[in-house]
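Each protein sequence line maps, in turn, to chains A and B.
Reading the first sequence from the start, the letters are residues 15 to 273 in this note's numbering.
Reading the second sequence from the start, the letters are residues 15 to 273 in this note's numbering.
Bear in mind the hints are in silico, worked out from the structure with no lab data behind them.
Keep in mind the model is a prediction, meaning the values are calculated, not measured.
It cannot be assumed that every hint is accurate.
Identical copies go unnamed one by one, so any copy, or any two together, can satisfy a pair.
Stated by the list, open to error - PhoX-like cross-link-like pairs, simulated, lysine-lysine; straight-line CA separation at most 25 Å: (1) LYS43 <-> LYS119; (2) LYS257 <-> LYS119; (3) LYS192 <-> LYS257; (4) LYS43 <-> LYS192; (5) LYS210 <-> LYS157.
Protein chains: 2
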Amino acid sequence: MKGMRWMSENNGEDKKQSSLQRYLYAADKERLRTLLEEMSQIAAASIETAVGALRSGDAVLAEKVIEGDDLIDEKEEQIDQECLYSIAMRQPMREDLRFVYSVMKIIVDLERIGDQSVNIAMNVRDLPEGITFPEEMIPFVEKMAEENIKMIGEVMQAFAGEDETVICTARERRKLIKETRSNAVSMLDKIIASEKACENDRMRLFCTVILTLRHLSRISDHVLNLAERVSFIATGISPLTLKRAQEKSQPKTLFDKEG
Amino acid sequence: MKGMRWMSENNGEDKKQSSLQRYLYAADKERLRTLLEEMSQIAAASIETAVGALRSGDAVLAEKVIEGDDLIDEKEEQIDQECLYSIAMRQPMREDLRFVYSVMKIIVDLERIGDQSVNIAMNVRDLPEGITFPEEMIPFVEKMAEENIKMIGEVMQAFAGEDETVICTARERRKLIKETRSNAVSMLDKIIASEKACENDRMRLFCTVILTLRHLSRISDHVLNLAERVSFIATGISPLTLKRAQEKSQPKTLFDKEG
Chain A
15 MKGMRWMSEN NGEDKKQSSL QRYLYAADKE RLRTLLEEMS QIAAASIETA
65 VGALRSGDAV LAEKVIEGDD LIDEKEEQID QECLYSIAMR QPMREDLRFV
115 YSVMKIIVDL ERIGDQSVNI AMNVRDLPEG ITFPEEMIPF VEKMAEENIK
165 MIGEVMQAFA GEDETVICTA RERRKLIKET RSNAVSMLDK IIASEKACEN
215 DRMRLFCTVI LTLRHLSRIS DHVLNLAERV SFIATGISPL TLKRAQEKSQ
265 PKTLFDKEG
Chain B
15 MKGMRWMSEN NGEDKKQSSL QRYLYAADKE RLRTLLEEMS QIAAASIETA
65 VGALRSGDAV LAEKVIEGDD LIDEKEEQID QECLYSIAMR QPMREDLRFV
115 YSVMKIIVDL ERIGDQSVNI AMNVRDLPEG ITFPEEMIPF VEKMAEENIK
165 MIGEVMQAFA GEDETVICTA RERRKLIKET RSNAVSMLDK IIASEKACEN
215 DRMRLFCTVI LTLRHLSRIS DHVLNLAERV SFIATGISPL TLKRAQEKSQ
265 PKTLFDKEG
């Protein structure tokens, strides 16, 4: 097991990289930056469109999000291929390899953000006829979406500048998103408590609300992952190391991991 | 954009791999097989333990699943590092690179299976005092878990033998899991319809049931992904290509992508 160390230190096992390889690698890196920027914009747009569909109960718009997911999957595959090609042909070492590896991990989280938008859109599409998302819940959902989109923008800006401090901003924003979710759940509890009958359609609607809040909360976890990857590019400190340091200093939360 | 093609064909851009590199790569590959086998067993065990906790309402067992997830994350990081090391140092090409790349993707799905088990466990842990999972739903949940675990075993066996036919078995099993979920939802609808009052705790319980079914259904999606990766190792046909072929021949399902 070589651990993350060999991406940070010169352990004497390096292959020599020719100046042509270095030149070609620099071009690869620029290209990867552009592709990743594009993919992040598609992911952010998917959140916005999904929440737009939810607000207006627009099944056609929801379908657009669901179909648009193929584009994200294709981008992921394309970027994966370019990363592997670069590793195999340019033989980047240390910080360069760290960069390519991080890109391969960042796209996994971007793809999962897209998946969560699809989930929100599917919930909109599958609402029973005549049932709409509760008006009182919309502001919470919009707030969570907005913060997530801002967070993605900030992380991508930090990616461009290899700025590791983004992790602090990202943690704060994620905290705010989790708080908004928690307030939304309290509000929902009140709505449920005031229900007179226990109807199947209403039950399903409440589940949909809980799920939507989960999906939006889960997006913020993925964006924090992105921030950790950006920080890793800049510092060489792995996300798992960061996570362990974080866990020691903070109590565990009750929020789930997925879905 | 080089696409998946350069992992299948000799496009004249190959670096020469020395016989020492070939020898070392073969050793890497054996090691990756062993590590992946270990990781898949941990993932399968997490499903079994999570459903065990659910059946008995055992919060301590649930906590064990939640804490055990760190082990899966560590395995993922370890395998990732070994894959990158192998790509950079041994310069595998074509089917060898395809193998390493597929391993890097397989571990993402194994990690996500672990996440879903954690979600199930968290739902068990967070059930209100005195509320247990509905007895009538247990057989469905157990059936889904059992099929998922079988499916993982079959896929890993196919991985060992680089057998692409596993994709058919996996599709069949996943279909069975989705049908079981669908039957479970019908049963739940009946339970809800027979409720007299609309209590918050009962509401939460029903949501937990719906979510648990989702998590188990979602696991089967990840296992199918594994099967597609195994098939890619054997044939060089990418999962995205497979998916497109599949979509053309089958109507879209209503099942969601995540959570």
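Status of each hint after checking the structure:
| no. | hint | result |
| --- | --- | --- |
| 1 | LYS43 <-> LYS119 | both (15 Å within a copy, 22 Å between copies) |
| 2 | LYS257 <-> LYS119 | both (16 Å within a copy, 22 Å between copies) |
| 3 | LYS192 <-> LYS257 | within (18 Å within a copy, 35 Å between copies) |
| 4 | LYS43 <-> LYS192 | neither (34 Å within a copy, 42 Å between copies) |
| 5 | LYS210 <-> LYS157 | neither (29 Å within a copy, 35 Å between copies) |
In terms of the numbered hints stated before, the structure departs from hints 4 and 5, listed from lowest to highest.
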